[in-house]
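Asks: What follows is each chain in one-letter form.
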Amino acid sequence: MWLAEVIVNYKIGILDPEAKAIQNALSSMGYEDVEQVVTGKYFQLTFGPKVNKETAENLTKESCDKLLSNPVIQDYSFQLKEVKE
Amino acid sequence: MKFGVVVFPGSNCDYDAYYVLKKVFNVQVEYIWHKETKLRRFDVIILPGGFSYGDYLRAGAVAKFSPVMKEVIQFAKNGGSVLGICNGFQILVEADLLPGALITNNHLQFRCQDVFLKVKNTESRFTKNYNKEDVLKIPIAHHSGNYFAEEHILKELEDEDRIAFQYCNSKGEVCDEANPNGSKLNIAGILNKEKNVLGMMPHPERAAEELLGSEHGLELFKSLIG
Chain A
28 MWLAEVIVNY KIGILDPEAK AIQNALSSMG YEDVEQVVTG KYFQLTFGPK
78 VNKETAENLT KESCDKLLSN PVIQDYSFQL KEVKE
Chain B
1220 MKFGVVVFPG SNCDYDAYYV LKKVFNVQVE YIWHKETKLR RFDVIILPGG
1270 FSYGDYLRAG AVAKFSPVMK EVIQFAKNGG SVLGICNGFQ ILVEADLLPG
1320 ALITNNHLQF RCQDVFLKVK NTESRFTKNY NKEDVLKIPI AHHSGNYFAE
1370 EHILKELEDE DRIAFQYCNS KGEVCDEANP NGSKLNIAGI LNKEKNVLGM
1420 MPHPERAAEE LLGSEHGLEL FKSLIG
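Going down the list, the sequences are from chains A and B. When we follow our numbering, the leftmost residue of the first sequence carries the number 28, and every step to the right adds one. When we follow our numbering, the leftmost residue of the second sequence carries the number 1220, and every step to the right adds one.
Calculated from the structure, these hints are not laboratory results. Keep in mind the model is a prediction, meaning the values are calculated, not measured. Watch out, some of these pointers could steer you wrong.
Dumping the calculated DSSO-like pairs for lysine-lysine here, alpha-carbon to alpha-carbon at most 27 Å [what the hints assert, rightly or not]:
no., chain 1, residue 1, chain 2, residue 2
1, A, LYS88, A, LYS108
2, A, LYS38, B, LYS1374
3, A, LYS93, B, LYS1412
4, B, LYS1347, B, LYS1221
5, A, LYS93, B, LYS1221
6, B, LYS1254, A, LYS93
7, A, LYS38, B, LYS1403
Pair by pair, the computed Cβ-Cβ distance ranges are [what the hints assert, rightly or not]:
no., chain 1, residue 1, chain 2, residue 2, range
8, B, CYS1394, A, ILE49, 38 to 46 Å
9, A, GLY75, B, GLY1432, 53 to 61 Å
10, A, PRO98, B, GLU1249, 28 to 36 Å
11, B, GLY1391, A, THR82, 51 to 59 Å
Partial selection, computed: residues in chain A whose CB lies under 7 Å from chain B [to be verified]:
no., residue
12, ILE34
13, PRO44
14, ALA48
15, ILE49
Note that beta-carbon positions come from the ideal geometry of N, C-alpha and C, so glycine has one too.
One chain only, chain A, in its complex shape (with noise of 0.2 Å):
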């Protein structure tokens, strides 16, 4: 069975206020190297044993496209791992 880990985060430029947050907390926390956060959404996708490897691929990206990601704001990137029934 295949099983699709998808990431959605913020498009480079688009403000991410939550992980500015994280950042200053960080930083007062005493980790001044961390220069950059990025925070994001993780999704796993888990198809049925009928479910081949390019039909897994094409619905996790319309799934992306059309509801996991808003393509104004946000980037998806995700993989594909096979795994036991």
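Using the hints provided, position chain B relative to the given structure of chain A.
Replies: Chain B only, in chain A's frame:
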């Protein structure tokens, strides 16, 4: 003139909108459950404020796939009037009926307060009762109202007179200090190209009776009722 107020799971300003139309204006208004698929009997559809589907994923992202939204999109494409308030605005941008996106407020806080708005467009069916440069006092209540769009979209909105309202101070000056969420160009509400769809973060339905502190939202509904 018949209004429909869509009710999603998690809507919480549906009654406010219903109340204004029914009790303040005494016009016909009905709730539309999000599973309904027939909208032909309405003249104006309101997508109310709230937290549809718990704001899961992104505010408005799940609501756009509600059965009723397919019809709302068709209704808008046929020229019907659609007003999205707060979460309704978030749904309209997710559904591509309006351009851009509404991201988290730049200070990360939920803001519930009165703001001042400058009326930019007075030609649309939503805003024709206002005068250009009118300054309105209307409340906001949101966490993701930070309007973002690419530069060419912002230019298009300006050139086509599609910015309905901008955040300003009490004197009507559009400035950073009066921007409650980091919105580009202090945008509080925009229209689509055809100007039959309006999305706005402030709540005109909460500014429709003197008892509530402001009646500045009244003219928006009056403009629609005619």
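Asks: Double-check A/ILE34 for me: the hint is only fine if its C-beta lies closer than 7 Å to a C-beta in chain B.
Replies: 14 Å, violated
Asks: If you draw a straight line from the CA of A/LYS38 to the CA of B/LYS1403, is it 27 Å or shorter?
Replies: Holds, at about 16 Å.
Asks: Could you say whether the range 51 to 59 Å given as a hint is met by the Cβ separation of B/GLY1391 and A/THR82?
Replies: 57 Å, holds
Asks: Compare the distance between the alpha carbons of A/LYS93 and B/LYS1412 with 27 Å, and conclude whether the hinted pair is satisfied.
Replies: Between A/LYS93 and B/LYS1412 the Cα gap is close to 23 Å, so the pair holds against 27 Å.
Asks: Does the CB of A/ILE49 sit less than 7 Å away from some CB of chain B?
Replies: 11 Å, violated
Asks: Using the C-beta atoms of A/PRO98 and B/GLU1249, is the stated range 28 to 36 Å upheld?
Replies: 35 Å, holds
Asks: Does the structure keep B/LYS1254 and A/LYS93 at a Cα separation of 27 Å or less?
Replies: At roughly 20 Å apart (the allowed maximum being 27 Å), A/LYS93 and B/LYS1254 satisfy the hint.
Asks: Can you verify the interface hint for A/ALA48: is its Cβ closer than 7 Å to any Cβ in chain B?
Replies: It holds, given that the least Cβ distance between A/ALA48 and chain B is near 6 Å, below 7 Å.
Asks: A/LYS38 and B/LYS1374: Cα distance at most 27 Å?
Replies: Distance ~21 Å between A/LYS38 and B/LYS1374 Cα, so the pair holds.
Asks: Straight-line Cα separation of B/LYS1347 and B/LYS1221 no greater than 27 Å?
Replies: 19 Å, holds
Asks: Do A/GLY75 and B/GLY1432 keep their Cβ atoms within the hinted range of 53 to 61 Å?
Replies: 55 Å, holds
Asks: Can the restraint linking A/LYS93 and B/LYS1221 be considered satisfied, given a maximum Cα separation of 27 Å?
Replies: 32 Å, violated
Hint violations for this structure: numbers 5, 8, 12 and 15, all remaining hints satisfied.
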